[in-house]
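> If you want the building blocks of each chain, they are given just below.
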Amino acid sequence: MAEMRYPIAEAMETGHAPAAGGGDITLAEIRLGTIVQLATFAGRRDDLFAALAGIRPGLEPAPACRGHDLGDAALLTVGPARWLVVADDPDLAAALAQAVAAETAAVTDLSHARAIVRISGPGAARLMQDAVAVDLDPVINGPGAVIQTPVHHFNALVHRRRDDVFDVYAMRSFAGPLYHWATDAAAPVGYTIGAAAGLKVGD
Amino acid sequence: MLITCPHCGARDRAEFTYGGDASVPRPELSDLDQERWADYVYLRTNPRGTLREFWHHVAGCRIWFIAERDTVSHKISATQALDDDGSAER
Chain A
1 MAEMRYPIAE AMETGHAPAA GGGDITLAEI RLGTIVQLAT FAGRRDDLFA ALAGIRPGLE
61 PAPACRGHDL GDAALLTVGP ARWLVVADDP DLAAALAQAV AAETAAVTDL SHARAIVRIS
121 GPGAARLMQD AVAVDLDPVI NGPGAVIQTP VHHFNALVHR RRDDVFDVYA MRSFAGPLYH
181 WATDAAAPVG YTIGAAAGLK VGD
Chain B
1 MLITCPHCGA RDRAEFTYGG DASVPRPELS DLDQERWADY VYLRTNPRGT LREFWHHVAG
61 CRIWFIAERD TVSHKISATQ ALDDDGSAER
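From first to last, the protein sequence lines are chains A and B. Residue numbering for the first sequence follows my numbering, beginning at 1 and increasing consecutively. Residue numbering for the second sequence follows my numbering, beginning at 1 and increasing consecutively.
Note that these hints are calculated values from the structure, not bench results. Hints should not be assumed to be uniformly reliable.
One side of the interface only, derived from the structure: several residues of chain A facing chain B at Cβ under 8 angstroms [claimed, not checked]:
#: 1; residue: 80
#: 2; residue: 138
#: 3; residue: 139
#: 4; residue: 148
#: 5; residue: 149
#: 6; residue: 150
#: 7; residue: 155
Pairwise CB distance ranges (calculated) [unchecked claim]:
#: 8; chain 1: B; residue 1: 56; chain 2: A; residue 2: 97; range: 26 to 34 angstroms
#: 9; chain 1: A; residue 1: 176; chain 2: B; residue 2: 62; range: 17 to 25 angstroms
#: 10; chain 1: A; residue 1: 139; chain 2: B; residue 2: 13; range: 22 to 30 angstroms
#: 11; chain 1: A; residue 1: 101; chain 2: B; residue 2: 42; range: 37 to 45 angstroms
#: 12; chain 1: A; residue 1: 10; chain 2: B; residue 2: 39; range: 29 to 37 angstroms
All residues carry an ideal CB built from backbone N, CA and C; glycine is no exception.
Kindly produce the complete structure, drawing on both the sequences and the hints.
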């Protein structure tokens, strides 16, 4: 398997913390082994989830604009009959391609195609609410929400993993704008660059 | 202005692009009459009142859907998915 290269690895210097503010926010690059889009053909949804259950039990369908989160893997509902599987395991993409029959769903490996920044900490929800025109009140879009919407003029997917943990996915070619937006937006309150990590959220 | 995407719910109008009049019937692909195709491609009636339109949730879930919009007030009275059954999952 080709070695994975992550688009903002050099920009995000672990431990860097601008002087301003109290450091309410941590920014970290998320490095995933697998990002796969699954798009079922008409009437084949049950076949898809039967195949998924065989290779990664627990990856069950979530309602529109929500994710089913297993900690080290998640299934995000991103459209009608369209899901993203994201996981730490780099072998899961190949396993999905193998397990899902060609007449069931289109399986598209996007593992190299996204840049992801995790924004976490007590100031994260306020920062994100300033960035998106979608209500982040926990009653409406609390933990589990999957929101596809523009962030600072590029299209992004925001997965709210916890109340104060947001994973922001952008197209890989927007890695620079994603990084610069996140650091600019967090600068007024102060931030720390955390170590690059996988999907798991620490307790 | 908010538009209700059939999949994502109410979202800012900036997330959408307009896809044209959905009430114009397309000729059969086997139809070779140039006048009928020219009418389909170029002629629009610009009605006053409710119009069925295609819209694309391009910055969101990327589905195409139909919206009923009042061309005077811009009020969108209904939106409908183009799926087989109109539901968010199939």
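> Each hint should be assessed against the structure and marked as holding or not.
Tested hints:
1. 80: holds, 5 angstroms
2. 138: Check failed: Cβ of residue 138 (chain A) comes no nearer than 16 angstroms to chain B, outside 8 angstroms.
3. 139: violated, 14 angstroms
4. 148: holds, 5 angstroms
5. 149: Holds. Min distance 6 angstroms.
6. 150: holds, 5 angstroms
7. 155: This interface hint holds because 5 angstroms falls under the 8 angstroms limit.
8. B:56 - A:97: 26 to 34 angstroms: holds, 29 angstroms
9. A:176 - B:62: 17 to 25 angstroms: With Cβ atoms ~23 angstroms apart, the hint holds.
10. A:139 - B:13: 22 to 30 angstroms: The hint (22 to 30 angstroms, Cβ to Cβ) holds, given that residue 139 (chain A) and residue 13 (chain B) are roughly 24 angstroms apart.
11. A:101 - B:42: 37 to 45 angstroms: Holds - the Cβ-Cβ distance for residue 101 (chain A) and residue 42 (chain B), about 44 angstroms, lies within 37 to 45 angstroms.
12. A:10 - B:39: 29 to 37 angstroms: violated, 57 angstroms
Going down the numbered hints, you'll see the structure goes against 2, 3, 12, while the others check out.
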